[in-house]
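Produce the entire structure from the sequences given, and follow the hints as far as they go.
As they're listed, the protein sequences go chains A and B.
As numbered in the numbering used here, residues 1 to 406 make up the first sequence, in order.
As numbered in the numbering used here, residues 1 to 190 make up the second sequence, in order.
Hints were generated in silico from the structure; no laboratory data involved.
Computed from a predicted structure; not experimentally measured.
Careful: at least some of the hints might be erroneous.
[Unchecked claim] Computed list of lysine-lysine pairs in DSS-like fashion (alpha-carbon distance at most 27 Å, straight line):
no., chain 1, residue 1, chain 2, residue 2
1, A, Lys-247, A, Lys-61
2, B, Lys-133, B, Lys-146
3, B, Lys-73, A, Lys-151
4, A, Lys-402, B, Lys-133
5, A, Lys-62, A, Lys-367
6, A, Lys-344, B, Lys-173
7, A, Lys-108, A, Lys-344
8, B, Lys-146, A, Lys-393
9, A, Lys-402, B, Lys-140
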Amino acid sequence: MNHAGEILSTDGVMSKVPTDIRTIAWAGGSDAPEKPNLTIGFIPLTDCASIVMAHELGLDKKYGLTLRFSKEPSWAAVRDKLMLGELDAAHALYGLIYGAHLGIGSAKRDMAILMGLNHNGQAITFSNQLRDKGVTTGELLRNLIKAEQRKYTFAHTFPTGTHAMWLNYWLAAHDINPLNDVRNIVIPPPQMVANLRSGNVDGCCVGEPWNARAIFDEVGFTATTTQAIWKNHPEKVLGTTREFIEKYPNTTRALMRAVLDASRHVDTLANRLKVSNIIASKPYVNTPDPVIEGRMMGIYEDGLGRTWQDPDCLKFYDDGQVNFPFYSHGAWFLTQFRRWGLLKQDIDYLAVATQVNQIPLYTEVAKSMGVPVPDSTVKMETFFDGMVFDPAKSSDYAMGFKIHAR
Amino acid sequence: MKQVLIIDDARDRAAWLKASLELAGFAVRWLSWEQVDEHSIQAASADVIIVDANAPGRDTLEQINLMSATLEKPVVVLGAQMDPRSIQEAMRAGVSAYVAHAIQGEDLKSIIHVAAARFAEHKRLRDELREAKTQLADRKTVDRAKGILMADHGYSEQDAYARMRSMAMSKGKRLAEIAEAIIMAKELGA
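Structure representation (structure tokens):
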């Protein structure tokens, strides 16, 4: 699937990187990190596991770093602190990095995605009030919305974030305009369950453990997982600024190595119970263990009586597929920004993705660790409604949706 | 006089800030985070919004500001541990405006004015860029339509342009819209 030829193959990209940059890590005869003490931002969610474990397993030390974590109150704080250099890197929503890079809703700063942190593992939860009206699926929700005068409220977590895009995509695929047919708001993840309980929101798209917690607290049920919308979708990334990479090339590589090592560890199901216990603790997610453990192990229940073992649960490594920052993934988020009016003009989607996603750097690090790297930097994607995203036709794709807000 | 909206759950802190800003000549309203939605933000009709850096509700406000063109406002973010250097850095970077809580009314006054001015400047540049890009796209569309008319009907470039122009005027539409219709008609026939 190598549409655009050499430039989009990983080998092609590497050959474009000047030799002096490729070897800058050894400039001055040392690859020791220039800045050994790093502050890493995160939001209390199950998918912060790999960055947390990079420290808990001592992998930061192994590569000459000491990671300190800063639990952030909001995604806006993560973004601002990255821009200000108060955070060196962060567990970030994929789209947040692109929003900051383009200056959507904030200052504009050259941003960088070093690698993917996870695939899958988010969900759309409906309130039990909806269940009591017999509304358990997207089709039934559409019927309800067309039949009733009142506006139902759906929440996600950040305007340019992943949950906004999953929720909007899913509602629109059910012929519900996410910006006109419902109230479309943002609620901080730890407050989602309380808002479902009070009836302030009727449904939400959020990361785990909050969907599992809604079932645990008996206030809602899982209408769909996000892996059922787009199997193996990108989700959180290790984000930083372009400036950081340029200023601290050795540190950047050491950080990537530590997190890649941790990703391998966390991906092994046999390790996940222990990992769940660690990230459930107070400094990290701060929630009862069982709420994290189940879905972390791929054991799902939807809160309506169905249980299943999900082979597409949270993935942190998957032979490096999770961590490779495909340009096409970045381009997809940009097409959705265009679709929902966050971008007012067409842009060169893949060109922006090549500015943000650090594939040459990632490829160098991955190869040095024996982590498999795919042959192509782009790939086609198929969604649950049958729509296909071909990154070579990003512009047509962005403009081709029946429901949009351009 | 600028209208300032403070969003803060810490009642004492908000009251102190409100009094201090009123002394500096601002009209001030206060909301708790629970009260924040598109209606309350609209009703406050603020020129500047002040929030605490550690408020989880900041993301809620971002969505309201971003999804509504009319509610887009400069946000001044108050943080507890901001030192003067990082405040300066924040202002330089154009990140809202990070300001220490302990700062006094008069200083806050100038910060609010700077934040509002920076925001207006940022918005103006962005609008200009958007306008320039639209104009460029329009010109490309018009050129393409002109090409179609010349190839299919044998008009000269001048005639093709004149015909599109007169149709735009008689239909009360933009030239680019007429050009788009010509391109679409061509694609339909192709």
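To see whether the hints hold, each was checked on the structure:
1. A:Lys-247 - A:Lys-61: Roughly 21 Å separates the two Cα atoms, so the pair holds.
2. B:Lys-133 - B:Lys-146: Judged against 27 Å, a Cα distance of about 20 Å means the pair holds.
3. B:Lys-73 - A:Lys-151: 26 Å, holds
4. A:Lys-402 - B:Lys-133: 25 Å, holds
5. A:Lys-62 - A:Lys-367: Between A:Lys-62 and A:Lys-367 the Cα gap is close to 18 Å, so the pair holds against 27 Å.
6. A:Lys-344 - B:Lys-173: Roughly 21 Å separates the two Cα atoms, so the pair holds.
7. A:Lys-108 - A:Lys-344: 16 Å, holds
8. B:Lys-146 - A:Lys-393: 26 Å, holds
9. A:Lys-402 - B:Lys-140: 25 Å, holds
Consistency with the previously given hints is maintained throughout, with no hint failing.
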